[in-house]
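Asker: Model the full structure from these sequences, guided by the hints.
Listed below are the residues making up each chain.
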Amino acid sequence: MFWLSGASLLIVMAGCLAGVFLPARYYDDNLFQRVGMSGLFMFSLARFDQLVRLGELTGNCVPVSTQLCGHVGLAMLVLGTAWKARADYVTRGGISGSLRRC
Amino acid sequence: MDETGEVCDTVSAHPTCGYTRTHVANTSLGTNLMPPPNEIQVECQRLASGIVGSAVSLLLHRRDRFWLALTHLVLGAATAYCLGPAVAQYTHLGVAVSGFLAGLFGLAVIGKALDMLDAFDARVAVAELWAALLRCLPQRKKGE
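If you read the protein sequences in the order shown, they are chains A and B.
Going letter by letter, the first sequence gives residues -19 to 82 in the numbering used here.
Going letter by letter, the second sequence gives residues 194 to 337 in the numbering used here.
The hints are simulated quantities; they were obtained by calculation from the structure and are not laboratory data.
Fair warning: there could be bad hints in the mix.
As the list claims (entries may be wrong) - The calculated lysine to any residue pairs, modelled on SDA-like cross-linking and capped at a C-alpha distance of 20 Å, are:
no.: 1; chain 1: A; residue 1: 64; chain 2: B; residue 2: 306
no.: 2; chain 1: B; residue 1: 305; chain 2: A; residue 2: 2
no.: 3; chain 1: B; residue 1: 305; chain 2: A; residue 2: 5
no.: 4; chain 1: B; residue 1: 305; chain 2: A; residue 2: -16
no.: 5; chain 1: B; residue 1: 305; chain 2: A; residue 2: 56
no.: 6; chain 1: B; residue 1: 305; chain 2: A; residue 2: -3
no.: 7; chain 1: B; residue 1: 305; chain 2: A; residue 2: 12
no.: 8; chain 1: A; residue 1: 64; chain 2: B; residue 2: 276
no.: 9; chain 1: B; residue 1: 305; chain 2: A; residue 2: 72
no.: 10; chain 1: B; residue 1: 305; chain 2: A; residue 2: -9
no.: 11; chain 1: B; residue 1: 305; chain 2: A; residue 2: 65
no.: 12; chain 1: B; residue 1: 305; chain 2: B; residue 2: 324
no.: 13; chain 1: B; residue 1: 305; chain 2: A; residue 2: -14
no.: 14; chain 1: B; residue 1: 305; chain 2: A; residue 2: -2
no.: 15; chain 1: B; residue 1: 305; chain 2: A; residue 2: -15
no.: 16; chain 1: A; residue 1: 64; chain 2: B; residue 2: 302
no.: 17; chain 1: B; residue 1: 305; chain 2: B; residue 2: 330
no.: 18; chain 1: A; residue 1: 64; chain 2: B; residue 2: 313
no.: 19; chain 1: A; residue 1: 64; chain 2: B; residue 2: 321
no.: 20; chain 1: A; residue 1: 64; chain 2: A; residue 2: 2
no.: 21; chain 1: B; residue 1: 305; chain 2: A; residue 2: -12
no.: 22; chain 1: B; residue 1: 305; chain 2: A; residue 2: 6
no.: 23; chain 1: B; residue 1: 305; chain 2: B; residue 2: 331
no.: 24; chain 1: B; residue 1: 305; chain 2: B; residue 2: 272
no.: 25; chain 1: B; residue 1: 305; chain 2: A; residue 2: 33
no.: 26; chain 1: A; residue 1: 64; chain 2: B; residue 2: 232
no.: 27; chain 1: B; residue 1: 305; chain 2: B; residue 2: 326
no.: 28; chain 1: B; residue 1: 305; chain 2: A; residue 2: 59
no.: 29; chain 1: B; residue 1: 305; chain 2: A; residue 2: 60
no.: 30; chain 1: B; residue 1: 305; chain 2: A; residue 2: 52
no.: 31; chain 1: A; residue 1: 64; chain 2: B; residue 2: 268
no.: 32; chain 1: B; residue 1: 305; chain 2: A; residue 2: 55
no.: 33; chain 1: B; residue 1: 305; chain 2: A; residue 2: 54
no.: 34; chain 1: B; residue 1: 305; chain 2: B; residue 2: 248
no.: 35; chain 1: A; residue 1: 64; chain 2: B; residue 2: 312
no.: 36; chain 1: B; residue 1: 305; chain 2: A; residue 2: 61
no.: 37; chain 1: A; residue 1: 64; chain 2: A; residue 2: -5
no.: 38; chain 1: A; residue 1: 64; chain 2: B; residue 2: 265
no.: 39; chain 1: B; residue 1: 305; chain 2: A; residue 2: -18
no.: 40; chain 1: B; residue 1: 305; chain 2: A; residue 2: 28
Answerer: Below, the structure written as structure tokens:
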């Protein structure tokens, strides 16, 4: 469990770092996604810190404020992604345009 | 903080979660075995870590002009200095790590916001808004 949890957190942190700092020609994020990934990275780092210190997490005992940081980050990431998907959908010409490209 | 959400009163780490009231100064990422630093040292640590975080962020998001880069660096350091304690409070990480993270991500977010402002064309936005408003209004048929 320790390794699985640690590896998952590291993957999340690496993804967030890549999303925030990759140049726009590779991954063009929007402001909401960037704020969300920042919050998620901080939450994951705090969780990883706790995991390393204790070795094994037996309960959901991250402080509420840290969980809030993670939850808000996730919500903003989802909102930003939804906005981006909507913009992409409109650019492709609605549902008919999207279906034509399938 | 234990599983019920109550803050632990003990000075040593809680057996289950390891968090205490003085957690921010005692986490593994902010471990401080020496006597607690005074206020000026903490402020300097916060500012320095913010500057380092901003510099790293600036290296990753390159700016063409020197003055623009310098402005971003100062902005990032100021953001880290102001938001560092809030980040420490929310994530329960050490002061230096929180300042670094605030500088790193603060500058990235500010850079994105400035890029968006740069790309924002008020005339186009007003024209699109006006067109959308006209589409919402009921259309009058010719001859009425």
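Asker: Give a verdict on every hint.
Answerer: For each hint, the structure was consulted:
no. : hint          : verdict
1   : A:64 - B:306  : holds, 16 Å
2   : B:305 - A:2   : holds, 12 Å
3   : B:305 - A:5   : holds, 14 Å
4   : B:305 - A:-16 : violated, 33 Å
5   : B:305 - A:56  : holds, 15 Å
6   : B:305 - A:-3  : holds, 15 Å
7   : B:305 - A:12  : holds, 10 Å
8   : A:64 - B:276  : violated, 28 Å
9   : B:305 - A:72  : violated, 25 Å
10  : B:305 - A:-9  : violated, 24 Å
11  : B:305 - A:65  : holds, 19 Å
12  : B:305 - B:324 : violated, 28 Å
13  : B:305 - A:-14 : violated, 30 Å
14  : B:305 - A:-2  : holds, 15 Å
15  : B:305 - A:-15 : violated, 31 Å
16  : A:64 - B:302  : holds, 17 Å
17  : B:305 - B:330 : violated, 35 Å
18  : A:64 - B:313  : holds, 17 Å
19  : A:64 - B:321  : holds, 19 Å
20  : A:64 - A:2    : holds, 17 Å
21  : B:305 - A:-12 : violated, 27 Å
22  : B:305 - A:6   : holds, 15 Å
23  : B:305 - B:331 : violated, 39 Å
24  : B:305 - B:272 : holds, 14 Å
25  : B:305 - A:33  : violated, 35 Å
26  : A:64 - B:232  : violated, 44 Å
27  : B:305 - B:326 : violated, 29 Å
28  : B:305 - A:59  : holds, 17 Å
29  : B:305 - A:60  : holds, 13 Å
30  : B:305 - A:52  : holds, 19 Å
31  : A:64 - B:268  : violated, 28 Å
32  : B:305 - A:55  : holds, 19 Å
33  : B:305 - A:54  : holds, 19 Å
34  : B:305 - B:248 : holds, 16 Å
35  : A:64 - B:312  : holds, 17 Å
36  : B:305 - A:61  : holds, 16 Å
37  : A:64 - A:-5   : holds, 18 Å
38  : A:64 - B:265  : violated, 26 Å
39  : B:305 - A:-18 : violated, 36 Å
40  : B:305 - A:28  : violated, 27 Å
Against the hints set out earlier in the document, violations occur for numbers 4, 8, 9, 10, 12, 13, 15, 17, 21, 23, 25, 26, 27, 31, 38, 39, 40.
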